[in-house]
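4 protein chains.
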Amino acid sequence: MIKVILNGCSGKMGLLIEKLIDSEEDISLVSLHDEKNPLENAPQGDLVIDFSSKPGFMKSLEYAYKQQLHFLSGTTAIGKDGYEKLKEYSQTIAIFYSPNMSLGINFLAKILQENLNFLLKWDLGILETHHRAKKDAPSGTAMMLADIFPNPVPVNSFRMGDIPGDHKVVAARNGELIEFKHRATSREVFARGALEITRWFINCPRGFYTMRDYFKIN
Amino acid sequence: MIKVILNGCSGKMGLLIEKLIDSEEDISLVSLHDEKNPLENAPQGDLVIDFSSKPGFMKSLEYAYKQQLHFLSGTTAIGKDGYEKLKEYSQTIAIFYSPNMSLGINFLAKILQENLNFLLKWDLGILETHHRAKKDAPSGTAMMLADIFPNPVPVNSFRMGDIPGDHKVVAARNGELIEFKHRATSREVFARGALEITRWFINCPRGFYTMRDYFKIN
Amino acid sequence: MIKVILNGCSGKMGLLIEKLIDSEEDISLVSLHDEKNPLENAPQGDLVIDFSSKPGFMKSLEYAYKQQLHFLSGTTAIGKDGYEKLKEYSQTIAIFYSPNMSLGINFLAKILQENLNFLLKWDLGILETHHRAKKDAPSGTAMMLADIFPNPVPVNSFRMGDIPGDHKVVAARNGELIEFKHRATSREVFARGALEITRWFINCPRGFYTMRDYFKIN
Amino acid sequence: MIKVILNGCSGKMGLLIEKLIDSEEDISLVSLHDEKNPLENAPQGDLVIDFSSKPGFMKSLEYAYKQQLHFLSGTTAIGKDGYEKLKEYSQTIAIFYSPNMSLGINFLAKILQENLNFLLKWDLGILETHHRAKKDAPSGTAMMLADIFPNPVPVNSFRMGDIPGDHKVVAARNGELIEFKHRATSREVFARGALEITRWFINCPRGFYTMRDYFKIN
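Protein chains in written order, with my numbering: chain A, 1 to 218; chain B, 1 to 218; chain C, 1 to 218; chain D, 1 to 218.
I should point out that these hints are in silico values taken from the structure, not numbers from a laboratory. You may find that some hints are simply not true.
Copies of the same chain look alike in the list, so a pair counts if it fits in one copy or across any two.
[Unchecked claim] Straight-line Cα separation of at most 25 Å, BS3-like style, residue types lysine-lysine; simulated pairs:
no.	residue 1	residue 2
1	Lys19	Lys181
2	Lys134	Lys121
3	Lys135	Lys121
4	Lys87	Lys36
5	Lys19	Lys110
6	Lys59	Lys36
7	Lys87	Lys3
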């Protein structure tokens, strides 16, 4: 049984993870945390799962580090300093970070990575569309996709309706155009992805892991 | 026989119009002009067709005004002053202006206009994609579409490959998303549209005309 | 307070309607029915809402007719005989029928209807994509869209994943292509639409109503 | 200098290849053939390029075989017997065959091939749209894409307007949807692809080659 300490339990992703874990046999929740109930003196667990804001992310990362627990986070907009903290602590504990836990979007990232030389001969662009409540733009996922390329790629954003998350990478050259599109049909896909990754990640030794590591093996 | 004085004859649109007029029986070219051969002392014609740059647009508009000829222009990025000149001279001559002569895109504009009240309850966005040689962004067409709405609509642009012109208006609200997309499959569509409009426009009295006037009747 | 007798209460749409009505102040459920608990001797209500199968549809329509209640149905694949029954009984009771209760899709239908003459000059096609559990193909909505046109329109279908419902009407002619796309981002949109329509429909006199009537006024 | 014997010279692809070769320095045409001027007693050349119909394909393949020339063909709908002839003769001469010479579409094919195990867990579908003059459906390209998968994949087709060629592979599972789209923005892309491949293919020894071989090396 994998024992989870969940940070960000009252956010949209946190609520979905609670709901999904309820029906899993090999994963259980040992404590729930958010801004009102910050992560201190939690019961013993195997890993911290964090879907929160930057301050919540920082606190829960510190906690995992002190307690020497695995740390898995999908919090976006963690900044350069947040990212460096992850790298630093990953010398001591196992850390998994991805701003997007869906297998589909990370499959696209893998394809782009593997075919970089071919795609660099094309003109590139990225479009992402999310629900109107999402404040950061471009999305962390769009930036992850753009960062695959050595040269800057234009990224456009829309905020509208209740779109869980659309991402599109467009490549054009004279005579042809290719589009790689991903649509999350519900937010559950991110929560489900997080649990699928957890089952693999819990057995990883200390180090820094991303979706690329997950895809190498799975 | 409709006698055309063409300004912008060495640009992409100008060349297409020349080619198309060649195979028309009721329209003929009487003189061709561009930066190297500006519009002065042209033989007698019925109308000036202009697909050029802002300076070329201004010169050919002045010429049509002095000669009291019909003036049809599809030049984009003519600025507020260019637009006001059109309005002013249209008190004396017949002027048709549209930054996009395709029937399809103007059909979309008509639909948006007619259903404004319904669409204002939705979150809106516009995306346009054009070939990498197009310098102005957003496209004149995207701005025409955005200007239909009383509130500002976010407009995103890509410049890539040899795309003749893609435009998309997206509308979303909780639970659903609508897209109106238009794709020009070749630049010929703009030239062909210009000639279809010319046949109707040549019989219009002085005044300012746009695609909306064309759709009212045709 | 509008009192609803719900048929198809254990189906996906039925469950959503129950959930939504729970949080409405002006609508309440008086009885729930499905195959195991068919619609007989229900407590007094104002209208029957039916989202079921063809047999369930037929039974609940008969019940509404006998009890002289308003009848609103979104059941698909009701066949020609089901449709004729609706027409027949609508001489005595008020009947609203639409295989798709989303405002967006019906807005598209309205646009196609209003611009029929223009669109008939284009080549047309319809594509619909639904979750893999949907058995009938093409969807009732796609057929409703196709039936707007006097000539046959090719309709293509995909069944995959958990897509709540994508519909696309494509129109092409030489040089250009237009797409009208609709995406239901969640099934709730159909339930929410049904309740919005109910508030208007409950005050309608006997007769046969569709989304077109709703749009005329709202 | 690569000397080309062109079969199908009066078809759309043939005309484009002639036009492109005109402006190439390392490729030249030595003779042009079509139904009225079939391939017999052509001057000496290095390879036969064939974009024709099935009978034209068969004749030009026989000719290349007799003369022991390289044979490159993009003719679609060649049937099972045509395909077997290619295989048979490739034991003696070098043969390149692809129903679609665009690099983009073949890049998609490569991606699908390389990620077959991942994609087999998803529901799959293919949509292709071509101009109304195209008679065979589904397109040879759509069938090539479908044949990558061991299980049958539903393929849908539209014939409309003057679309040079749209192909889309859709993959969905619970919670997400991926689309791989390719659009030929002009038919030139196929002719240009054929010449790019010719430069590589002319140095290949006898054997049967497809785009996969081209991508392995280039």
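Each hint, compared with the structure:
1. Taking identical chains as interchangeable, the C-alpha atoms of Lys19 and Lys181 are never at most 25 Å apart, the minima being 28 Å within one chain and 33 Å between chains.
2. Only between protomers do Lys134 and Lys121 lie at most 25 Å apart by alpha-carbon distance; the minimum there is 19 Å, versus 33 Å within a single protomer.
3. Taking the shortest alpha-carbon separations for Lys135 and Lys121, only the inter-copy value of 21 Å comes in at or below 25 Å, while the best intra-copy value is 33 Å.
4. For the homomeric pair Lys87 and Lys36, neither the shortest alpha-carbon distance inside one copy (28 Å) nor that between copies (59 Å) is at most 25 Å.
5. In this assembly of identical chains, Lys19 and Lys110 lie within 25 Å of each other by CA distance neither inside one copy nor across copies; the values are 29 Å within and 39 Å between.
6. Proximity of Lys59 to Lys36 under the C-alpha cut-off of 25 Å is restricted to the intra-copy arrangement: shortest distance 13 Å within a copy versus 53 Å between copies.
7. Taking identical chains as interchangeable, the C-alpha atoms of Lys87 and Lys3 lie at most 25 Å apart only when both belong to the same chain, with a minimum of 24 Å there against 59 Å between chains.
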